[in-house]
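Number of protein chains: 2
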Amino acid sequence: MPKSAMLPFMPAQFQEGPVWKEVAPGVWGNQAAGHDRRLNGRATVKSHPAETLTAAAQSSPRLDRLKLLGPASLPFDLKTVNIQRTGERSVVTLPLAPGEKIFGLGLQMEGSDRRGGVYHLRVDHFASGHDRLHAPTPLYVSSRGYAVFFNTIRPIDVYVGVGNRLNDAHRPAARDRNTDPHWDSQPDSGQVEASVAGNQLEVLVMAGPTAMNALQRYNLYCGGGPMPPAWALGFWHRSPLTATAQEVQGEIDEYEKRGFPLDVIGLEPGWQSSSYPGTMEWSPVRFPDPKAFVASAKTKGVHVNLWENPYVAPGSDLFKLLDPNFGSHTVWLGAVPDLAVDEAATKIREFHQTHHVALGVSGYKIDEVDGFDNWLWPDHATFPSGLDGLRMRQIYGVLWQRELDRMFRDSGERTFGLVRGSNGAASRFPFAIYSDTYDQHQYVTASTNAPLAGVIWCAEAREAASPEEWVRRMQSTCLSPIAQLNAWSSGTKPWSYPEATEAVKKAMLLRSSLFPYLYTAFAEYWLDGVPPVRPMSLVDGGTETDQYMLGDDLLVAPMFSGDKERKVRLPKGKWFDYQTGKLVGDGETITVKPALDEIPLFARAGACIPTIHPTLHVGLSGLKEPIEWKKFGEGDWTGRMYTDDGHSFGYEKGDFGLYEVTLKQEGQLQFRTLAGRRSAPRN
Amino acid sequence: MPKSAMLPFMPAQFQEGPVWKEVAPGVWGNQAAGHDRRLNGRATVKSHPAETLTAAAQSSPRLDRLKLLGPASLPFDLKTVNIQRTGERSVVTLPLAPGEKIFGLGLQMEGSDRRGGVYHLRVDHFASGHDRLHAPTPLYVSSRGYAVFFNTIRPIDVYVGVGNRLNDAHRPAARDRNTDPHWDSQPDSGQVEASVAGNQLEVLVMAGPTAMNALQRYNLYCGGGPMPPAWALGFWHRSPLTATAQEVQGEIDEYEKRGFPLDVIGLEPGWQSSSYPGTMEWSPVRFPDPKAFVASAKTKGVHVNLWENPYVAPGSDLFKLLDPNFGSHTVWLGAVPDLAVDEAATKIREFHQTHHVALGVSGYKIDEVDGFDNWLWPDHATFPSGLDGLRMRQIYGVLWQRELDRMFRDSGERTFGLVRGSNGAASRFPFAIYSDTYDQHQYVTASTNAPLAGVIWCAEAREAASPEEWVRRMQSTCLSPIAQLNAWSSGTKPWSYPEATEAVKKAMLLRSSLFPYLYTAFAEYWLDGVPPVRPMSLVDGGTETDQYMLGDDLLVAPMFSGDKERKVRLPKGKWFDYQTGKLVGDGETITVKPALDEIPLFARAGACIPTIHPTLHVGLSGLKEPIEWKKFGEGDWTGRMYTDDGHSFGYEKGDFGLYEVTLKQEGQLQFRTLAGRRSAPRN
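Chains as they are written, first to last, in my numbering: chain A, 3 to 685; chain B, 3 to 685.
Please note: incorrect hints may appear among the correct ones.
To be verified - Here are the computed distance ranges between Cβ atoms for each label pair:
| id | chain 1 | residue 1 | chain 2 | residue 2 | range |
| --- | --- | --- | --- | --- | --- |
| 1 | A | Gly72 | B | Ser130 | 26 to 36 Å |
| 2 | A | Asp79 | B | Gly317 | 45 to 55 Å |
| 3 | A | Gly131 | B | Phe651 | 15 to 25 Å |
| 4 | A | Asp319 | B | Ser187 | 16 to 26 Å |
| 5 | A | His184 | B | Ser130 | 24 to 34 Å |
Don't read these hints as lab results, they were simulated from the structure. Quick reminder that beta carbons are idealized off the backbone N, C-alpha and C, glycines included.
Pulled out of the complex, with its shape left as it was, chain A reads as follows (with noise of 0.2 Å):
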């Protein structure tokens, strides 16, 4: 281990370090970070709220999972990590060793590795910069393989390797800048800092041995990733802003008229009797009878997605249910209810239960609760709950995402649902962060770095300057976690450019084709916290944003609008074009120039991908299909495989199979049960 990681300064006041204390296997806390409920259902109005994530989210870990990893020991001594009190806020101090590399630090839309960086983590709707963002999940993840999670409620600072201290022993040699050339402008600290207001500061260290299994950790003491429903890995569309019933019938009809995959149908601010302040009321001029509309819906495999801003128009029925459990200042004027209290949280539930959820409605879209300044409430806004302004913004987001969860649970089927905001401890949440950016670069390093903040990221399409950029987008979305077309605004649809059309088509029936293979990429960030997205610096260091690993052996390589050929760097061994099966390249970095209906997938040597032949609904049909594995290289190979009823919570009692499956060169199939307690099909 280099010196300087293993011997920090440490001034006099460090000398009394924190307590740790092995939580979980592998996790470390300094105050034997426990579960705090205070947010919990058993607390009290006007209660003192806690100030960590994990209590906000009510996650508790996965003890049994984490087990599984085995015990493991850190790179550093954590007798080296200072936490203390200084002034008006708590610092901790953790070393960093020459050239490692430090990942995440939220969802960020830009680069890779944060060190030399300043972040201060807010949750906002992402405009630029690293400070701001929909998820600002205060983790990181090193190159030396663990993790480190700011376990708080509040805005945090983190230096990363920033801020040399006058008494750290180890700090570099002042140069003279006007005759020196070795004079750097950013000497290298050697530390993590990282301050919050208050006297609180939960610290937890995740071991490794590598960096993914630290994430792992990390998903799993949040209590691991969500596993959606089936239908959830279809594709999703979006209906124009106030459109009627019979207008979204008539879209739902024509992605089957032309045979393009449709699971989701997103209902966006219209259906409501009024917005902007909402009544999460149906309109009773555009929706008259929103239960025949729903289950018309679903009949065709099709489920419906509510747009809500859930800020609630005074004078609805839902503001009298809640009053007086509202903030002090009002969003669009509606009023904020206060979810950190529970009889606020228990009314929104059953509300949405008894107005949308028991006509059939499947999720929520929650929109705008990641806005900032102009659009939220100022940091010294006051809640019933006693969390001010500035602590309810970071978890908003969590607290709806958390509410409807749980109502969903108590429906008895599963959900999936798109946020704007969210943070830390939310992974084990089915619902994906979305953004009013439009970057298409940014979309992909969003969907590299969402992992890394124990988020899901939808790099959705919404519209294109040209027929090029709009089969680009589909494509990139296409092998998102989830592919949504979000065309409230534009009214776009995938055959708006009628010389694009076979190439999105092309495009949706391949992720359809990959349903058993998502599904169970999704299975293992429940089981195991591994997500279903792998950026490369979670697969073997590297700092690239513009390609991912999709599951375990597919490698994606988006192409880019306005760009004929790209770069990939192929991780070690040989690599295989997924549509052609041919040979690309042995760990090596290619140049690919592909067709406009061709996107750069690529298949590890031995793989076997579990595919079907393409639906138009996977929630219908996905799990019935038979498997067509897809094999690439020579010799045996090996894939793995998931299943459940792809609806209920019957898998979190058992009722799943995972396998693993070897194909022999012969031809023969092999099956071994990895979890859960469905036999292993036969072959």
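Got chain A; can you put chain B on it based on the hints?
The following block gives chain B in isolation, referenced to the frame of chain A:
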């Protein structure tokens, strides 16, 4: 008065309002705002520092001059102002009337009317936005003729008409975005809300009756504007980074030889034996005989200004002197002196006196006191005085100005310098602010916003992409309060573009000729708190940021590089071209198409401008040259003129004269003494 301004919401917890006291004529404070001197000379090490900017700046109100403004009332009832503690913050709410415009909120580089915006006022080297400013003075001036100053050294968040409270009876009615074309995405709240962390917030409300009067009260409350030495109004040039004494002397000689004005030569980092971090000692290599160098320059009418980045090289003599009065973190590996500790401040003054001022040095350029994140210390840094990094960053530039001002006062010679970071209550310090941004539009906008932040702005020239740009840049700086060519990086000289040389010289000589007028404008800043640059917002409520009044009678409308023409809005009355004396318009918007060597500069009808024959060194002869009165329009003319000895502090003891001059059509001059004990000249 509009009803909404008189009857803001008043929730129950607000009914115990603050107790207001008139702490100076027309100035009301909520905490019987005295002049807390806990950051003063009397502070003891480790005492808890004061929280107010007036205490940090050790500013005392100029009660004598405030009295002259007469009694005044506010256009709203102070009982409608609420101040309360909510959670961890102190919050103030103030009324806004319909149509009311709000100006100020720091040295903003963009825009004018702040209504509808949110401002997180922090010291930083401006990059973009409205939050991180070189001088985030928490002061606003209303178009209704009053000002509000949040007297706090903490970063304050200010919501101007943003954030409707749920329990505000005057909250606008909600509308349905789905169907209502009058739906508004940002309904105005009719309130200013501001909040800071902690339980202290001093609010000072200044009466008008005009907006300018309100700003005057602010400036006078903070000690009035600085009276520069005469030389400071000449031309400033900064030498290249590592120029030697001989090379700098060569530059001075070149100005003289070519007939270009020069009063100040600025030395950049290379004057020190080591920089970034600095020793603050002369380089024996580049400046072997600093005393002779400084004396030689001064003999030629050129004053020496020293650049300092105020972070001390470990091991240097100054470091040893100051140890251990440093902050916890280094900046460029230099130690950060805690100037809130008396002992450190005293030693800093003594060191500068001995090593520089005793040799004849006339001032400083204090760089990099406005960094953030990667450049300065973190919020959680600690300082021996008890200040934390957050608060120290807000006032570090103020503390340096305070101590250097004090040192020069002790020496008996006035100074004028540059500083890159300042804050509120710093009006009285003889420093101008500059920036590393270099957009000409931003620079001119800053000229118009600096007065609203109680600071002087230097729209310096650095370099240009073309001769045309060079001329426009140099014209801009020549009509700035401080005119500087900052060529440390580019090495550009006024004559670097042969085809532009005459136009540049014309602008520089124009400035020289305006010396008596500019000196008088500064005297009015000192005496009455009226800044030398007067933004249109204070002249007649205009929101233009591309034109301004310089002194009482001249309207400056800089030409922007690349433009062939521009519009100029003439305030009420007739206006004349300064150079040709021709009538250009009467309270209308005109379009001007100036030749490259012309600056759009206009005088109001009846103005009588004191000028001199251009001199190359106004410090040497500006106060001795005979006055040439330039008059505009018909009828009688009036002007003002200030005089003193140009360099000492005698003016503070009454050794000055401010005269009103009347020139009758018959050609007779009449002088009337307005202030000071110098007798008026006879004519």
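Taking the hints in turn, this is what the structure says about them:
no.: 1; hint: A:Gly72 x B:Ser130: 26 to 36 Å; verdict: 49 Å, violated
no.: 2; hint: A:Asp79 x B:Gly317: 45 to 55 Å; verdict: 31 Å, violated
no.: 3; hint: A:Gly131 x B:Phe651: 15 to 25 Å; verdict: 47 Å, violated
no.: 4; hint: A:Asp319 x B:Ser187: 16 to 26 Å; verdict: 25 Å, holds
no.: 5; hint: A:His184 x B:Ser130: 24 to 34 Å; verdict: 32 Å, holds
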